[in-house]
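Visitor: These are the residues of each chain, in order.
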Amino acid sequence: MTPDNGGPTIIEAVNLKKEFTVNEPGKGAFGAVKALFSVKKMIVRAVDGVSFSIKQGDFVGYVGENGAGKSTTIKILTGILVPSSGVAKVNGVVPYEDRKKNAGNIGVVFGQRTQLWWDLPVRESFEMLKAIYRIKQNDFAEMMKKLSAVLDMGPLMDVPVRKLSLGQRMKCDLAAALVHRPGVLFLDEPTIGLDVLAKENIRAFLREMNKTEGTTIILTTHDMNDIEQLCERLIMLDRGRIIYDGLTAELKSKFVREKLIEVEFHGTPPSLLGMPELSVVEEKGPKLWLKFQDEGGGIAKVIGKLASFDVKDISVREPSVESIVMSIYEKTRTLPPYVEETK
Amino acid sequence: MSPALFFKFVGVSFRKETAYRFDYLVMILNGFLYVFIFTSLWKTVFAASGGGFGGFTTAGIISYTVVAMVIRISFSMDDTIIPGRVRDGSVAVDLIRPVSFQMMNLAQCVGYSAFHLTARGLPILLVSALMFDLHAPLRSLPASAVSLVLSYLLLFMLNFTVSLLSFWFVEVFPFILLKYALINLLAGGLVPMDFFPDFIRPVMALLPFQHIFYSPAIIITGRVAPEQAVGIIAVQALWVAGFVVLSAVMWRAASNKLVIQGG
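Just so you know, the sequences run in chain order A and B.
Per this note's numbering, numbering of the first sequence is gapless, rising by one per residue and ending at 1255.
Per this note's numbering, numbering of the second sequence is gapless, rising by one per residue and ending at 264.
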């Protein structure tokens, strides 16, 4: 199931595959010598039949563990890598066939690298980008004003890029990816290594760009808070394959029906023998933590029943997206392995 | 790539060199040392052989040596940039820009060389002009200019093509060393082709290397008349075109082969 925001399709991936050939290193000293003569090659399928379509204005989280194929997919969509098979289209352009044209339409941030000029002051990096993307002076001035206001870049403009902190650099990199008003923004781990405040600033900025500029954003991250706060839609990858594609909110109801109820009673907790649907996780003084399998709205009834006791406080907690993601990975670990041996 | 953008890239690369090259005085000295060693060497050799050797007069070989050295120094290029960026994966950033990878690298290379031309090549040329009686006929100037541009492009294309091997091999240093050896030996920057034994000259004529320093140097110093230079320039242009085609074919293949290191 794919959520539909009614806009035109802007990114399309059909059965994308990307294989890398890896030489298997020999084990030990003898193995290393042996490897000189007979190279055992392994084919690693980093992306294994990925299909999805993304509509204009979508804010999509693209998640998976290390090596799941997230970055490889992003690099195919940005025209850096050529897929082994399958087709990708961004704005109607096949990125790896017409890299330059595609590059003009998109913005990219790699959290671990900067696209700014290391030796130049920030301001001059933006002057370079202005020339590269052939941005008109008026548009450039207007966009720079907007970006530096939202990202608070003013004080950074005359600092050489190499002297920026990671958080400052990330702000400038985000601005650099957006200065030419791309329709699509690819973010590969933009919050990696940032402190909580910097993360919060960047999230607010991305939300704003998605809303005011209508920028389609594809975000890969390890931080489930990014996803929970930003991405309406979630595509989850495991070993090169999509294991979930749908609304982030639906993920919870679809995969996890378990809810945690925290109840505090006046005095000793009563016996809950009359409620077999609840199981006690922990008991501590007047507090009880209860687990409940929610099969379609039963939670209200349970709360009602609990309220008939002498309750001081009651709260229902849902599992975090992170814990859901973890539980999905555990469930799907029965898939066939993604490494094949050839010779 | 528009000329304006090209020169912006040139400017950035030039400034980067000026910011980091505190050691350039040492590099100037190094250049002078080369000029001094080779001019002294040829003077001694020519004096011992009675004033002429390999078709050169003593004044001729001094002019050739200085000119070839200055070209060699001014045509400094950093051929570790592309392999370095492939090795650490930052080539990904180069590829997200709507510009030609080749042209961007050429522009950066021109900026780098422009620094070495102004900071080392020209000072060495000026001082050498005061020290020696350099022979460079004015009527050879147009042909010299064209030949210099082509020899620069040829050296760039050779470097670029070898750099592209880094898309296939993690370690390209051996290829770069081999290239250095061939250029030092066969490009004419140190020893003119005329001093090589006769049997090896036809082989060298079939290779591109002598068109890097030897061809422009003999045109500039008037060893070849401008009328004869046209043929040499045509061969230079053919080699440049050949490398452009080769590197374009390699680039297409390299794109399929690329692995971004470090995710």
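One thing to keep in mind: the hints can contain errors.
Unchecked claim - If you only want the chain B side, here are some residues facing chain A, beta carbon under 10 Å, derived: (1) K17; (2) L26; (3) T59; (4) D79; (5) I82; (6) A235; (7) V260.
Claimed, not checked - With beta-carbon atoms standing in for the labels, derived distance ranges: (8) B:S50 x A:R1074: 53 to 61 Å; (9) A:V999 x B:V236: 42 to 50 Å; (10) B:G12 x A:G998: 18 to 26 Å; (11) B:Q262 x A:S963: 45 to 53 Å.
Just so you know, the hints here were simulated from the structure itself, not pulled from any lab data.
Everything numeric in this text was worked out from a predicted model, so none of it was measured.
Yeah, the Cβ is synthetic: ideal placement off N, Cα and C, and Gly gets one too.
Visitor: Take the hints in turn and mark each one as holding or not.
Guide: Here is what the structure says about each hint:
no., hint, verdict
1, K17, "5 Å, holds"
2, L26, "21 Å, violated"
3, T59, "46 Å, violated"
4, D79, "14 Å, violated"
5, I82, "13 Å, violated"
6, A235, "32 Å, violated"
7, V260, "6 Å, holds"
8, B:S50 x A:R1074: 53 to 61 Å, "56 Å, holds"
9, A:V999 x B:V236: 42 to 50 Å, "45 Å, holds"
10, B:G12 x A:G998: 18 to 26 Å, "41 Å, violated"
11, B:Q262 x A:S963: 45 to 53 Å, "28 Å, violated"
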